[in-house]
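Trainee: Now for the letters of each chain:
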Amino acid sequence: MLMLRMLKFLISIYSARLGRDLSLPPSQVILQLIGAICFFYLHVISFSLIVSRFSFPGWSISQMWILLYSFEIYTYMAFFLFWRGFNHTVRDINSGGLDQIICKPINNQLITFFRGGGVHNLISGILGLIYLISTLMKYQLPVSWWSVLIYGLTLLTSLWFLYSFTLLFISLNFCFGKLTATSSAALQLQEFFKYPGDIFSSASIILMLLVIPFTSLVSFPVSLLLHKPLSIPVLIIYISALIIITAVSQLAWRLGLRHYSSASS
Amino acid sequence: MKKYRLIFLLTLSQFTTYRLQVFAQFLNSSLPLAITWVVLSFAASASISSAPLISYYILVSLTAPLSFSAVDEELEEITFTGQVNNFLLQPLSLFRWLLAKSLSEKIISLLFLFPLILLAIWSLGVLPGRIFFAFLSLFISFLLSFSLSFLVGLGCFWIDEFWAVRNVKYVVTQLLGGLVLPYAFFPSTALKIIHFTPFPYLIGWAGRILNSGYLLSEFIIASFWLIIIVSLTRLLLRQAINKYSFTGG
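Each protein sequence line maps, in turn, to chains V and F.
Note that numbering that gives the first Met the number 0 gives residue 102 to position 103 of the first sequence, counting from 1, and the numbers run on in steps of one.
Note that numbering that gives the first Met the number 0 gives residue 220 to position 221 of the second sequence, counting from 1, and the numbers run on in steps of one.
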């Protein structure tokens, strides 16, 4: 019942924002789209230059392209779902605006971080999906309904990881004043997301622990989609990192809220 | 000139107070380069060896924050918040005010990065003859990057959704400036065209000079673009201020 209420709340927030965006003059919508899609093609161009010169052991060219388009879907969905919430929360913590938000009778994280997303990010994510499907068809890569379902679920889990990681950094604003860069903490590492995690299997254990949780965010769902054999160490690091980051970020947010004293935080 | 020196000194003291901000800016421009380098050092290539890539990424990531300018973002902020009114009332030039602020920020960044740059020059065995030209190019790069960013930023006087224009500028300068990938990855015909545009001289130029040397033609092309862009900026700024006063922001 509670979950249903939350879902209704989320749908109303996001559809309101989408409605607002779509009611803008067409020239502004097009400009917004260009501003979002230019990054899409920056990744495509740089990626094509890289895969033309470098090979990634265990990953064919077609699989690498599936990885890239999954990365595009993942990052644009992250922008669509969280970007506005992350930025506004940092500002609200430091201006005292969080007072009005946390006193409402609904889950404080839900109301703080989920504030709607731009239609340009949603369209860019859909564009990534179209490219993904056309690449699957072009190379006739075998996927099943089951693998598509698991892919979707693990991509959502990876979005939760990104949310938790940023939540942890945003919580620092309660103690250290305005740290604007914390709102993009995870997205600063997005270059890692578009490469397979298993290329680091020969790296030192410290590098593996630092890098694999980020490289697996997209490559793990893609491995499941394409029925690729899973690396056990990568799987263990991915799941452990997810559990640890969720627990620590939730704790940091709660401690931060306790420390919060309106604009004087 | 005295008032701009004062602005320069004031901003200098502000940046020495918020040292964490300087560090955050360094991370912001160097992290994507560092990540690409880490990834490529674990990938296999038959055509490109990883040793020159390592020195390229180190030198460019250390020098790029010293010339990269995001003044378009600041211009957007002061326009949309109405702070630009100060320049209609006070005897200050918007361009020079922002330039003085930006220069002081870069000097603090240089103080922060100088030991690291020296260490990189020493450990990578950079030829001493390149060092002078690298620092000269750094100064031209900073002016060019600032002017171009300012010129693009003036668009916010006309466009509501200005962030989209900023994104396009960012993507183009990062890609064509050799920041996303070294020029070794680009096709040779594309490189010949890029050489005559302002993009190679905006951000990664000094790092490339330290890594692989310089050409006199590069300095001529960069200076040519600097004159063109500064002239365009002066022309457009007048129209932008007129536009602002007509609409009231």
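These are computed hints drawn from the structure, not numbers from a lab.
Owing to the predicted nature of the structure, the values given are computational and were not obtained by experimental measurement.
The beta carbon of each residue, even a glycine, is placed where N, CA and C say it ideally should be.
Please note that the accuracy of each hint is not assured.
Unchecked claim - Heads up, incomplete: computed chain F residues facing chain V, CB under 7 Å, no partners named:
id	residue
1	Thr35
2	Ile219
3	Ile220
To be verified - Computed list of lysine to any residue pairs in SDA-like fashion (alpha-carbon distance at most 25 Å, straight line):
id	chain 1	residue 1	chain 2	residue 2
4	F	Lys242	V	Ser45
5	F	Lys242	V	Val50
6	F	Lys168	V	Pro104
7	F	Lys168	V	Ala184
8	V	Lys227	V	Ser26
9	F	Lys191	V	Leu41
10	F	Lys191	V	Pro25
11	V	Lys177	F	Gly81
12	F	Lys168	V	Phe112
Trainee: Hint by hint, say whether it matches the structure.
Mentor: Here's how the hints hold up against the structure:
1. The restraint placing Thr35 of chain F at the interface with chain V holds, with a minimum CB-CB distance near 6 Å, inside the 7 Å limit.
2. The criterion of a C-beta within 7 Å of any C-beta in chain V is not met by Ile219 of chain F, whose closest approach is roughly 28 Å, and the hint is violated.
3. Below 7 Å, beta-carbon pairs count as interface contacts, and Ile220 of chain F has none with chain V, the closest being about 24 Å; its hint is therefore violated.
4. The straight-line distance between the Cα atoms of Lys242 of chain F and Ser45 of chain V is roughly 39 Å, outside the 25 Å bound, and the hint therefore fails.
5. For the given pair, Lys242 of chain F sits about 47 Å from Val50 of chain V by alpha-carbon distance, which is inconsistent with the 25 Å threshold.
6. Of the supplied pair hints, the one linking Lys168 of chain F and Pro104 of chain V is violated, its CA atoms being roughly 43 Å apart against a limit of 25 Å.
7. Our distance criterion of 25 Å between C-alpha atoms is met by Lys168 of chain F and Ala184 of chain V, whose separation comes to about 22 Å.
8. Among the hinted pairs, Lys227 of chain V with Ser26 of chain V is inconsistent with the structure: their alpha-carbon atoms are about 44 Å apart, more than 25 Å.
9. With a CA separation close to 20 Å, the supplied pair Lys191 of chain F and Leu41 of chain V stays within the 25 Å bound.
10. Simply put, Lys191 of chain F and Pro25 of chain V have alpha-carbon atoms about 38 Å apart, too far for the 25 Å limit, and the pair is violated.
11. The suggested pairing of Lys177 of chain V with Gly81 of chain F holds, with an alpha-carbon distance near 22 Å, which does not exceed 25 Å.
12. As the CA atoms of Lys168 of chain F and Phe112 of chain V are separated by approximately 29 Å, the hinted pair breaks the 25 Å bound.
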